[in-house]
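Line by line, the protein sequences give chains A and B. According to the working numbering, the first sequence is numbered sequentially starting from 1. According to the working numbering, the second sequence is numbered sequentially starting from 1001.
These are computed hints drawn from the structure, not numbers from a lab. Any given hint could be a false lead.
[Unchecked claim] Below, in silico cross-link-like pairs of lysine to aspartate or glutamate (DMTMM-like), each with a Cα-Cα straight-line distance of 25 Å or less: (1) A:K156 x A:E109; (2) A:K275 x A:E21; (3) B:K1149 x A:D18; (4) A:K375 x A:E52; (5) A:K275 x B:D1146; (6) A:K275 x B:E1147; (7) A:K375 x A:E53; (8) B:K1149 x A:E21; (9) B:K1158 x B:E1047; (10) B:K1118 x B:E1053; (11) A:K208 x A:D226; (12) B:K1149 x B:E1211; (13) A:K275 x B:E1017; (14) A:K2 x A:E206; (15) B:K1158 x B:E1147.
[As the list claims (entries may be wrong)] Computed spacing ranges between beta-carbons, pair by pair: (16) A:P72 x B:R1200: 42 to 52 Å; (17) B:E1238 x A:D395: 50 to 60 Å; (18) A:P190 x B:D1086: 50 to 60 Å; (19) B:R1135 x A:G237: 33 to 43 Å.
[Stated by the list, open to error] Residues of chain B placed beyond 12 Å of chain A at every Cβ, according to the derived structure: (20) R1022; (21) N1112; (22) L1194.
Remember, predicted model here, so these are calculated numbers, not experimental data. Just so it is clear, CB atoms sit at the ideal spot from N, CA and C, and this is done for glycine as well.
Next come the chains, spelled out residue by residue.
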Amino acid sequence: MKAWFFSEDAYPHLPAEDSYESIRVNLPNRHYDPEVGAELYHRYLDMWLMAEEQGLEIMLNEHHQTATCVVPAVPIMAGILARQTTTARILVLGNPISNIARPVRTAEEMAMVDVISRGRLECGFVRGVPYESAPANVLPYRGTERLWEAHDLIVKAWTDHDGPFNFEGRWFHARQVNIWPRPYQQPHPPVWVTIGSGPSARPVAEHKYVGAVFLAGYPDIRRIFDGYRAAYEQAHGCETPLDRLAYACLLYVSEDAQDATEGANEVLWYMTSNKVAPQWQNPPGYHPPQVAAKVMFGGLSAAGVPLQPTLEQQIARGNVFAGNPDQVFEQIRAFWEYSGGFGHLLVMGQAGFLSEARTNNSLRLFAKEVYPRLKELTAGYDSGRMRELRAALPDRESNPVDSFRVDFVR
Amino acid sequence: MNDRSETMHRVTLQGVEVPYARMGSGQPMVLLHGGGGPVTRFPFVDELARRFEIIAPIHPGFAGTPIPEHFDDMQDLVYLHLDLLDALDLHDVVLVGFSMGGWAAAEIAVMNCRRLSKLILVDAVGIKPGGRESRDIADVFAVTLDEFKRLIWHDPAKAPDFAAMDEAQQAIFAGDRVALGLYTWQPYMHNPKLPRRLHRVTVPTLLIWGESDRLVTPEYGAAFRDMIPGATLVTIPEAGHAPYMEQPARFVEHVLSFAG
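Just chain B, same shape as in the assembly:
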């Protein structure tokens, strides 16, 4: 969407061709996108690319890529990205995960922090702090598109007009939704084992949350923070589930002051 010097690369891991964007220079920063697809199309990435070398893989199934035959769930994605860090031989990585990508980032960190220097979780899912009958994470598959916008956006009027997209973009949107379903369906958007494992996160961790996030609320973010040793949580006013879209300047500021 932006005109910029982002270059797409490809690496084959587990027989899966994984496209990833690489831009900027400096300390490596790996961005794991959420259910909305790649975040490199948003201008905040340009700001970060001034200080970091951005590496942003596309999760299989998103942005029109195929779902690999052997993929069943989040664990497959996590092992793929562990392989990616090895294949690119990255060190001192600032790992940033958005929403579903935040869940993936947390899973990677509890498995192996060796290649990581810092962890940033942005409106991440992955845990279920409440009881079996509390809906800790809004069921995005059980709402209309309008309700979906209200879950995601502080100001739903700013949300993209899905109906105005061309057919190819609509098909990509629909395909992203299939991939999101594959990775998050059950247990819904979380791993019940993750809270017992988060003590293994040994790198400094920042959680960034949109104050108006209704998909996973700031209270959910606070519960997540409390499970990670030494983690801090910052909230951004007038932002929903994607603060990098609604408040990009404040979002970048938080990232830089933590990791820059």
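The following block holds chain A by itself, in its conformation from the complex:
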């Protein structure tokens, strides 16, 4: 098991929630104080350096026009950490290549990070959440097709070394592609793509890329991972290696029960503060019409973030792992077995107002007390034994009360 530490780099110092319509897209940036923002950037960068010190890997992501994540340019964060770290692998999850105008630029940025870090980049590609459509001014209809066309161009830009090539696709045009630098890793950095249930996992499995799942919890994880595994087996005639699947959770560890609850509730800010106006949740073509109608009229959350999360419920659901080291290990182990296994745990270990002290304590405890046991767990992975375990654990029903079932591929 590899654990990847991340924070969305929130700017949580906001006015009262009832004073604004939406934390994303149209919250005026007069509420952003750049001096506070500077402190936050440095604090978050220090957090990642700390994660490296503790033997964890680093994960970064990108969103736009939102206080929930003030990293609108993930290559910049990746570039800083490529220079400031020495051993951790740096996962960008990801580049929103459905929404960008020039994939060649992304190929260049990622190649540069890979070279500066001497080959420590893991490069993710994502379609992006629905709220990214308005900031990008991109129609999300056929977003998945755009993603794969951009992907094809990027991978060719990384791997073709014989002078300019031509690419005139449906969406992206570049007639003289010949990037400098080319990637450090050969033939190119490892690729990750986010997946949901349904057809999104198939091309990811066919490429043998890592399929990453955010907060699907018990209700959805089997459906999604099973889809990937079936596609992988069909394409390659062998079982899916553990390291092809990743799961993203919220996590807080503390020896003290009260601190564990308080800290976990602070990490839960990521869910509780996601007030998004309905129009940004449902840009035309992001969801198929039947799902879009449910988002518009049926009170469904558009991006898999529950409408009224509670800590207890989110722990039960497998979205949050929180408690003392034994409890956290046990929660992860149970979910891991239920899911059929995965090789990467993406750990949102900081969110909202969670302080530097609490973040670091939780991170250290995780690294010392939980992570070694997780590595042991996956080292002992046996697919036959997993099938037996799995057969002994019946499918759990999803929780319809929570209206949490819209597929998303962030």
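Position chain B relative to chain A; hints supplied.
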């Protein structure tokens, strides 16, 4: 929605099956609907069908029809409807376009007026008279459903209650919105080249506008009128973006006095 003798026909163009309603008899009148979907469900069409043969195609993607794989934008729709006029071999057509369909009608007219006798644009989009930072056309994808109703209706209380629709109708509404996005996303609801081409409209043209239209205001309609040689603009009081829904009698009166 209405009980009436409307018959649906189908024609295959560019490999796309295009359903169209055909009703009434007389001079052909082609209705190109807007983002709200087919207008043949509204009673004003019955009035027009007394004097005209109504031909009302459904744009691909609307009313539950699929978006063709090769469709990307408004231009695809325009060429499809040019093909439709040829396939049905229509002559002396009164071409009526509503909102987004008005944009399509204007594009058809600048390409080829050979089959047209008159052009009517109803609260049409398609141009951008203002500067780069003016929001000439309200961004319908950036508003809540309630705000959307206020953009469209003079009296929003008369707007349909979306929540009361059944699931199938809600899915059609959501699908119409996807199709609207496909045809109008960027440049938003307009073709920057259209103003330089509108001099090519050689048939008499009437623009009909709801006085309370807040999606595209009557001032926008006046700018549109000024770009089309000899065009006239009439406005209808107590009507918004869809005057045929809020003031059907006045709307029909204007159409008949211009084209009847």
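Hint check results:
{"no.": "1", "hint": "A:K156 x A:E109", "verdict": "holds (15 Å)"}
{"no.": "2", "hint": "A:K275 x A:E21", "verdict": "holds (8 Å)"}
{"no.": "3", "hint": "B:K1149 x A:D18", "verdict": "holds (23 Å)"}
{"no.": "4", "hint": "A:K375 x A:E52", "verdict": "holds (17 Å)"}
{"no.": "5", "hint": "A:K275 x B:D1146", "verdict": "holds (18 Å)"}
{"no.": "6", "hint": "A:K275 x B:E1147", "verdict": "holds (18 Å)"}
{"no.": "7", "hint": "A:K375 x A:E53", "verdict": "holds (17 Å)"}
{"no.": "8", "hint": "B:K1149 x A:E21", "verdict": "holds (18 Å)"}
{"no.": "9", "hint": "B:K1158 x B:E1047", "verdict": "holds (21 Å)"}
{"no.": "10", "hint": "B:K1118 x B:E1053", "verdict": "holds (14 Å)"}
{"no.": "11", "hint": "A:K208 x A:D226", "verdict": "holds (15 Å)"}
{"no.": "12", "hint": "B:K1149 x B:E1211", "verdict": "holds (15 Å)"}
{"no.": "13", "hint": "A:K275 x B:E1017", "verdict": "violated (42 Å)"}
{"no.": "14", "hint": "A:K2 x A:E206", "verdict": "holds (22 Å)"}
{"no.": "15", "hint": "B:K1158 x B:E1147", "verdict": "holds (14 Å)"}
{"no.": "16", "hint": "A:P72 x B:R1200: 42 to 52 Å", "verdict": "holds (44 Å)"}
{"no.": "17", "hint": "B:E1238 x A:D395: 50 to 60 Å", "verdict": "holds (57 Å)"}
{"no.": "18", "hint": "A:P190 x B:D1086: 50 to 60 Å", "verdict": "holds (54 Å)"}
{"no.": "19", "hint": "B:R1135 x A:G237: 33 to 43 Å", "verdict": "violated (56 Å)"}
{"no.": "20", "hint": "R1022", "verdict": "holds (27 Å)"}
{"no.": "21", "hint": "N1112", "verdict": "holds (27 Å)"}
{"no.": "22", "hint": "L1194", "verdict": "holds (20 Å)"}
Consistency with the previously given hints fails for numbers 13, 19, ordered from lowest to highest.
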